[in-house]
Every structure is written in C-alpha cells, then in structure tokens.
Amino acid sequence: MKKNVLAVTLMLTLGVTAACGGDSGGSPDAQTTTGPIKIWLSNNPEEIAWGEAMVKAWNAENPNEEVTAQEIPAGQTSEEVIGAAITAGNAPCLVFNTSPAAVPQFQKQGGLVALDSFEGGADYVESRSGDSAQQYQSPDGQYYQIPWKSNPVMIFYNKDIMKEAGVDPENPPLATYDEFLATSQKVVDSGAAEAAIWPAPTSEFFQSWFDFYPLFAAESGGQQLVEDGKATFDSEAGESVANFWATLYAEGLSQKEAYNGDSFADKKAAMSVVGPWAVAVYGDAVNWGVAPVPTSSGMSPEETYTFSDAKNIGLFSACENQGTAFEVLKFATSEEQDGELLEMTGQMPLRADLQSTYTDYFDKNPEYETFADQASRTVEVPNVPNSIAIWQAFRDEYSASVIFGKGSVSEALAAAAAEATELAGQS
Amino acid sequence: MKAEAETASTDKPSSPRSRRTAILGRQPLGLVFAAPYAVFLAAVFAYPLGLAVWISFQDYFFAAPGAQVDRPFVGLENYKTVLGDPAVRRSFLNVIQFLLINVPLTVVLSLVLASALNGAIRGRAALRVAYYIPYVTASVALVAVWLFLFSSGGMVNQLLGPLAPDPSWLVNSALAMPVIAIFVTWKQLGFFILLYLAALQNVPKELYEAAAVDGARRFRSFTNITVPGVRPATVLVVILATITGANLFTEPYLLTNGGGPDGASSSPVLVMYQKGIEQGNPDTASAIGVILVIGVLLISLVNRKLLERD
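Heads up: the sequence lines are chains Z and P, in that order.
Under this note's numbering, the first residue of the first sequence carries the number 1, and numbering increases by one thereafter.
Under this note's numbering, the first residue of the second sequence carries the number 1, and numbering increases by one thereafter.
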C-alpha cells in the first residue's frame, strides 16, 4: 500500500512537472499595446528620488498610460529577484537596474524583449550611446537592454593618509605598477593605513569587476574579458595585471581577509576602486583625490580604459503594454531626464555626447569631470552565454593563485581562459 | 491490531460497506484530519523533490511562461558534469570534514551539558536559557559576532598575540571549516541539549541508586547508565545533526564570504546556490542536490544501523 502511494505521488509529481515544462506563445500585439505599466527602480535613495520624479513627469502628460514605480523587491541580489520574476511571469515592464552580466541569462530565459523589434529601437540605442552601444549588443545582433548609465571606476585616494605616509598628496605617484607598489609600500610601512588598497578578496563572481578587470581594460587598451567567443586574459596584459595584484597581496599591501565595512571610509585603506558615486558618498568625510587605474608602463589618462560598471534598462516580456513601456524607456533616457539623473545621482548617462551636452553641470561640479572624461573609455562585461559562470570560473582561479598564492598565476589564467572559452561557446 | 484485522476479514468482501472500509479505513474521518499534513508534505517536499530529480535529467533552465525554449532529456550528463567538477567534489569533501567535527562534538557536548543541567546545579535555569539563545538567534547576527571574534584583528587573535594563526582563522584553508563546524555546534547546542534533557527524564533514577550502592562513581554511571539510557535520543541527534550539517549554507556564505578562502569552506548547498540561482543552471544544481540527498540518506541509515544495535 505504502509503495503504491509513493508511486502515485511520484507519477503525479512528474506529470504536473511535465505539464509545467510546456511552452506557449506570447502575445504578438503586446509591442503596440498601450496602457498602465509597472517599473522597478534600484534601491538607493538618489535613484529612487530621480525615478519618482521621472514617473511623476510622465504621468502628468500621459494619464492613460500611468506608470507605477517601486523598488526592486529585496533579495540576495537584484539579478536573482529579476530572474525569479521572469520565471514566475510577473516581471515588471522595465527594470532600471539591469546588470549587463545578467542580460544573456535573462535573454535565454525568454524574459527580455529585443528593442530592435520596436520601430526605430536600434537606431535610438545607437544614436544615444554612439559606438559604445555595440558592447551591449547580444550575439544575435539585437539589443535586449538599453545602455543607461555608467560608473567608470577609478582610483580614489585619501590625501591625508598619503601625506602621513610621506607621499605627495596632490599628485601621488600611481600611474605605473612600480609607482603604485612603491606608494603602497610607503603607506603600509609608515603605518598610515592598514592596507594600501583593500578590494574585497572574496569569491563572489562580480568581485573581479573591482580589482582585475578595470586594470585589465586599461592594460589591454580596452579589451573585454571574452571577445569573439574566446577568453582574452590569458595574455601578456592579463598576466601583468594578475601579477601586479599578486604582489600587492604577497607583500601585505592588500589584505586577504574581507573588511567588514568600508575600509576607505574607515581610513583602513589609503585607496579604493570606485565610481563617481563615491564623490557624494565620501564627500567631505574623506579628503580625497582621484587618479586613473594604473598600467604597467603608465598610460596617459586620455588613453586609459576602465570598467564601466554600467546599469541598464531591460524591457521584459511579461509586460502587457509594451508600446507604453518603450515610450517610457525613451522618455527616461531623453536628454532632459539624463540631465536630471546626472544632477541627482552623479552617475554618468551612457550618452555619446555626455560632456558637451551637460557643460553647465560639469562646470559647476568639476569633481565629476574626470569621471565624465573616463566614461568615454570604458569596457563592459562581455555579452556572451554563461556570462556569470565565466566570471565565477575566473574568480575561482584568480582567488587561488593571485590572492592566496596557490600555484602559478600564468597557469591559473590559462585554466580560467580554457574554461571561459568553453562556457562562451555553449548555448 | 491483530484482532481488528481478523474482524475486518470476517466482513463479506462484496458488501458496499466493506469495500468502503477497505478503501477509507474504519475511521474515514481520520483521513480528513491527516489530509492537511499530507497535502503539505506533497506540496512542500514531494513535489520539489520530484521536480529536482526530473530537472537533474534535463538540460534545464528557468524560463518565462510562454517562452519557446528547448530543454531536452540528457540522461546522466548533469551528474557527469558535477562529478567531474573539482569545485563540487571539494565542496563534498568540505562538508564531510564539517560533519566529522560537528556531529561528534554536538553529541558529546550536548549529552554532557544536558547531564550537568539535569542535575541540581546552581543557576540551572539561567544556563539552560543561555545555551538555547544562540539556537533561536538569527545566524546573520551571530555571524557578525564571530567575525568580530575571529577576524585578523579580532578579539581571539588579540588575546592569542604571537600565537595567533597566520593566515588568520577565516582565511586559513586548514582552519576555516573547523571554525565553521565549531560555530554551528555552538549555535545548535541548545536544541540538542533540550532533546537529551527530555530523554534523561526517562532514565530510571533507581538505576543510578543501584549503581551507587554497587560503588560506581559518577563517570561510570554516566557511561554505563546515561549513555545507553539515552541511545534513542542519540540516534535522533546524530541524524538531525547530519541532515542540518549537510545543508550547510549560511555560515560559509557569510562567515567566510562565499566559501573562502579559495573554496576551502564551500559546501554543496552553496555551490548549488551559485550554479542554480546565480549562474542559471538549475539542472546541474539539482544533480548536486540529488547526490546530497542520497548521501545524507546513506549516512543516516548507517548511523541508525550502528547506533540502534543492542
């Protein structure tokens, strides 16, 4: 009897499962349908304030296509929440915090709508973002995200700590690896700070965006981690960057243990890899300066690339009124709204003509000008299948060899590159 | 029971009442009372387990409702992939190391402490509460305390001075998992002490009195009366500690920042989370889950066989 009950339960389970696994078609008219829509905003106060103002402006002019905004529901990461919402079929129309690294996964899930499918969609993306838009194109040649805003990462340094360490606080030598290491040594030897620079030495897949990747973008002259389906970092540039970080860890200039808090704000580290958001966050609390990420031979700032740390907007297939969603997307990324975003958050709209469009803002806020200039030379995460698995594979090898000194750096890069290339080749 | 069976067998098999009794039992109302829990079990345990087994044999990923996606049957491919993955193999070895430290430590400490708390000692109620508090406190809050204790500049290293390990506890490949095992032991101890305290109430006091008359000292009484007397509770403690230990996730996720250093404290559930949720591969994650379930069942069966022997 018990066996029968078990068998029936299993059969029912598998039957229901099989039924759930079937596919059905979506609504072909959705792209022209208009009406109320829901959008999700990032959960930092500045972006929420911008988002609410943007929605208010839209709703005032479009009472029949009302937009309702809310913060992305709480979760371990935004990507997990969005992924779950796609699966459940209750994703909003637009998410103003879509990580480019997660786009291939959302696309594979059938959760995103290609913007090319709207009239003038691709032209709009390309005319707004210029050549950098290509980095956000999916392998099928379509745009499943609009490049929205970037946070080009640079080196923030604490002038007071530099001064205490006997380093010129206004112009600390940080351009080449040798200069950076020598400055770091002075900081630690002097006891001015516990670490010269303290990126999170942890295993999360995204941590390499804030240690290896910006420097690799600079050293390689703007290469992505994977290009044309092949890993690029098993190269002279990649090895040079990895060895630089390995030296920082081996010499005790960077700590191998995660700091519980903000090591830069707490003055435990003299430098930090940050985006323009740091200007508002550290403000007057830290006497800071900013420099481009270092390269082995010291490139001029005008030639130095870095990681963009962009957040984009995705239009999701669960949306019933996609016609309205596309219009809201264009409204939210218009010149006026991009200006508001810059003003309210200090984050850089991914526009080709950023500095010339908002001259007044950069005249009034010169501290952002360096970031704006850097924003024109950024490298995005590659838009390839298994993007996150590739970053995790890279992080695992990097963590072992560079941070914890197990095995040779070149062998680790070769192993990670082989795995990344294999993963990028899978559908 | 036997009498009931005989009574039932005397009914005529062809009568409608006997057929109903054969299907619904002699007390059909009992089914109504049992139904909610049966539904709960089916929905929360049986269905997800069946789904996980099914997913583990497909090239599966989560898709939007209505999306046209291909998720073919791939046989044992996902199992081959995960068993060939060094990170997965390492996570299983890590959790075995964890269980080898955590389970014996849990049994010994909780039994000894329960025996002590069962006696007439000063501040017994306060101590019982003190041991139970970590169990009911959120792991996240406790992890923050342990980070304060065991980080490089933490209190433990400051007390140890030159004797502090280098690299420090949580970034030391050899020490990270033992620290997690001790943390979990400490956190769960209150619950297992409670189980043993309940079991100790069933050990006849006369046995201790007889042993004392025969000249047995306290340690002898403990090994010869208490330990065998609470054997059923020990089986339960071992099996529960094994199951909860095998599901280790929060501690490596928070205490060692994602299974660090360099995967030394990763656990199968953590790898499942990375692969299934972060990387969008629920098929390989399910294969890890199925292997883990089978492993835990086998360990539990072996434990039961060994511990229930007379």
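Calculated directly from the structure, the hints in this document are not laboratory data.
From the three backbone atoms N, C-alpha and C, an ideal C-beta is built for every residue, glycine too.
Hints may be right or wrong, so weigh each one.
[Unchecked claim] From the structure, some residues in chain P lie toward chain Z, with a derived Cβ separation under 7 Å:
#1 85
#2 147
#3 152
#4 171
#5 174
The hints, checked one at a time:
no., hint, in the structure
1, 85, "violated (10 Å)"
2, 147, "holds (6 Å)"
3, 152, "holds (5 Å)"
4, 171, "holds (5 Å)"
5, 174, "violated (12 Å)"
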